[in-house]
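J.: Okay, here's what each chain looks like letter by letter:
There are 2 protein chains.
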Amino acid sequence: MSLSSQVVEAIRKNCPDPEKFYPLHEPTFGGNEMKYTQDCVATAWVSSVGKYVDTFEEMLATFTGTKRAIAVANGTAALHICLILAGVKNDDEVLCPALTFVATANAIAYCGAIPHFVDSEMKTLGVDPLKLKEYLKSIAQIKDGECYNKLTGRRIKSLIVMHAFGHPVDLDPIVEICNEYNIPLIEDAAESIGSYYKRVHTGNRGIISSLSFNGNKTITTGGGGAIITNDEELGKLAKYITTTAKKPHKWEFYHDMIGYNYRMPNINAALGCAQMETLSDLLSKKKQVADNYKKAFAGIEGVEFYDEPSFGKSNFWLNLIILSKENAMERDAVLAATNDAGIMTRPAWILMQKLPMYKDCPRMDLSVAEDIEARLINIPSSPNLAGKSY
Amino acid sequence: MSLSSQVVEAIRKNCPDPEKFYPLHEPTFGGNEMKYTQDCVATAWVSSVGKYVDTFEEMLATFTGTKRAIAVANGTAALHICLILAGVKNDDEVLCPALTFVATANAIAYCGAIPHFVDSEMKTLGVDPLKLKEYLKSIAQIKDGECYNKLTGRRIKSLIVMHAFGHPVDLDPIVEICNEYNIPLIEDAAESIGSYYKRVHTGNRGIISSLSFNGNKTITTGGGGAIITNDEELGKLAKYITTTAKKPHKWEFYHDMIGYNYRMPNINAALGCAQMETLSDLLSKKKQVADNYKKAFAGIEGVEFYDEPSFGKSNFWLNLIILSKENAMERDAVLAATNDAGIMTRPAWILMQKLPMYKDCPRMDLSVAEDIEARLINIPSSPNLAGKSY
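Here the protein sequences come in this chain order: A and B.
Residue numbers for the first sequence follow numbering that gives the first Met the number 0, so the first one is 0 and each next one is one higher.
Residue numbers for the second sequence follow numbering that gives the first Met the number 0, so the first one is 0 and each next one is one higher.
Incorrect hints may have been included.
Identical copies carry no separate label here, and so any pair may be met within one copy or between two of them.
Lysine to any residue pairs mimicking SDA-like chemistry, simulated, CA-CA at most 20 Å apart [as the list claims (entries may be wrong)]: (1) Lys286 / Phe28; (2) Lys324 / Phe296; (3) Lys358 / Gly258; (4) Lys88 / Cys110; (5) Lys66 / Glu307; (6) Lys88 / Gly111; (7) Lys122 / Glu303; (8) Lys34 / Asp143; (9) Lys245 / Pro355; (10) Lys245 / Lys353; (11) Lys246 / Asn215; (12) Lys245 / Glu372; (13) Lys88 / Met356; (14) Lys249 / Ala373; (15) Lys353 / Pro247; (16) Lys249 / Lys353; (17) Lys249 / Ile349; (18) Lys88 / Ile257; (19) Lys88 / Tyr109.
Hints were generated in silico from the structure; no laboratory data involved.
Model the full structure from these sequences, guided by the hints.
T.: Printed below as a string of structure tokens:
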């Protein structure tokens, strides 16, 4: 049997109905989603202030174990504000993985800053700390307490790590590097709600971090995101700057900095509250889906189910398989066969340095990211696929 | 009786209950808001793609008489994209009124451009075309077909006009100036859905224009906005750039420019569809509220109800009164008396050049805007205040 057929067969363990279309990830509404959104519409409290926004923020802070969570319009907006609050300015460089969704690089560009692409490691799919350390030794220097790129003369003002598909990056050595070079760390945790690094939820080690609740994520608010941080001052500032930076006053409109309209409306936060109530259940269902895949792919030569790292816990947001090097040329055939069978699959994102607007950005050797891009395939991962354990 | 007491008494014609708090503007849900949002939640189609987004965009284009409408996250996002598509780049100048909500200036700053503040006229509360024409004669010059500020050397790449509180700006002479100086015109129609300039809906004369559906607007989607344009190419590009600039492909993630995540989620668009169905009714109710105020304030010395201009039709988004020059010093007393009586009122926005981040921006004489700021007071204007005609 061809590799493509074997992959289709394995995925069928979670996606059994040949008549059905299986998206990569769809929302699961099994709680109070209807009740809370009805409440918003009935009371006409649908907009940017409301009890669900406050409650959602509290639930997020509690769940992630951070001191403050700020609900915003989406994950891109969250990351944009993280960068601003990390002090990124026009013409700075920001280190970020080449293997990421385009929003990571775009958020850097919104600041007028330049993405500087770093390689990933196969062990986590995220930033490779060893390789980064070696690289910084050769290109970075500290001047007046700040890190500069010797080659471009530009300040390196932040490192973004991204927990790809929900798999946590190896944070300890990364934090060490950031401390050594005085580079503020931001965790792009858009894909990793429910993922843990050494028993601590992702997003806790960055000075400020972002979450996403887009429709394809583990939980959704329609569109939405959040900023999380353990720095209460940064948290206050994040709330202020995402709500137009208006000084509280009974009637005056005084703003003392360039603010943003990045609020999450109350009706979207209402969905978020309901989703948070069911998050533990969604995560166990997703774990079951992953376990099923693990068994289903165990016997297939030339392809491997990607498991969580030993040091952490993944939310298995989007399950993925990695083709063996010998089978890399089969990737598009597998993608075609699965999609033709009504099973949505997709490769990793095209690496950032291959996109026209980022092709001239500085970068290190990206051979591992290239290798991952050539062999990775995401497969359907919705919680509602669970319950068919075998 | 003091002026403050007379004002309270006049407002009581629309806001009769002394025990109630009357906000400036609250949402009125009298149609299919519940039904459509329930449909989204029941089907789990809440996110960035969905039938309500498409329908809402069609309804907006039809209602405004424009060729294309693109629903986005909010009015600020819409204006940001209008500026990008008008060609505004880093270090350009953009002419805009000093008398506006801070989002207008912020959207310019997001482009790395510099707001250049122009004066308003009492007749419209918007940009004064005569004064602008005289000003440009003294500071502007055309080089290689583009307009430059002779004093700063910077390109002037756009003019934003804003239909303040729903009152249409005098567009004909403004369009003439823009043509003469080759300055692309953008209409910030955030406040003016249902407002017309010479029988044409506001937003049609800019090369591209913005709307807002924030919770305090005439209709609301929780948070939301739209871009409208009669240029189909710009419209296509606006849709593309607000949805991450991703080339359509079955599985590949190829983006060829810096895009934005400015989508409006389907559940918010569902509210929008229901609101659009009732918009005509909301507008007549708002007209009735305005007519009531007009009568109520007719007999009061020292204060004038601000009516629509002879050349157009206002949606009376936020009704307003203007104190006579002699009574300007009473403004804060009137604000205090009304707010203390449970009647929310507020002054005009603090002029942009008075905010610390915009204090050094170029500007013309702003004496009329200063005068308006000193004497204008917004008063409660929700459609649900109607029905008490007297």
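J.: Are the hints correct? Go through all of them and say.
T.: For each hint, the structure was consulted:
no., hint, verdict
1, Lys286 / Phe28, "within (18 Å within a copy, 41 Å between copies)"
2, Lys324 / Phe296, "within (17 Å within a copy, 80 Å between copies)"
3, Lys358 / Gly258, "between (30 Å within a copy, 15 Å between copies)"
4, Lys88 / Cys110, "both (6 Å within a copy, 14 Å between copies)"
5, Lys66 / Glu307, "neither (27 Å within a copy, 50 Å between copies)"
6, Lys88 / Gly111, "both (7 Å within a copy, 11 Å between copies)"
7, Lys122 / Glu303, "within (13 Å within a copy, 71 Å between copies)"
8, Lys34 / Asp143, "neither (55 Å within a copy, 60 Å between copies)"
9, Lys245 / Pro355, "between (38 Å within a copy, 12 Å between copies)"
10, Lys245 / Lys353, "between (40 Å within a copy, 14 Å between copies)"
11, Lys246 / Asn215, "between (36 Å within a copy, 18 Å between copies)"
12, Lys245 / Glu372, "between (44 Å within a copy, 18 Å between copies)"
13, Lys88 / Met356, "both (19 Å within a copy, 15 Å between copies)"
14, Lys249 / Ala373, "between (58 Å within a copy, 17 Å between copies)"
15, Lys353 / Pro247, "between (46 Å within a copy, 17 Å between copies)"
16, Lys249 / Lys353, "between (51 Å within a copy, 19 Å between copies)"
17, Lys249 / Ile349, "between (50 Å within a copy, 14 Å between copies)"
18, Lys88 / Ile257, "both (13 Å within a copy, 18 Å between copies)"
19, Lys88 / Tyr109, "both (10 Å within a copy, 12 Å between copies)"
Hint compliance for this structure: hints 5 and 8 are broken, all remaining hints hold.
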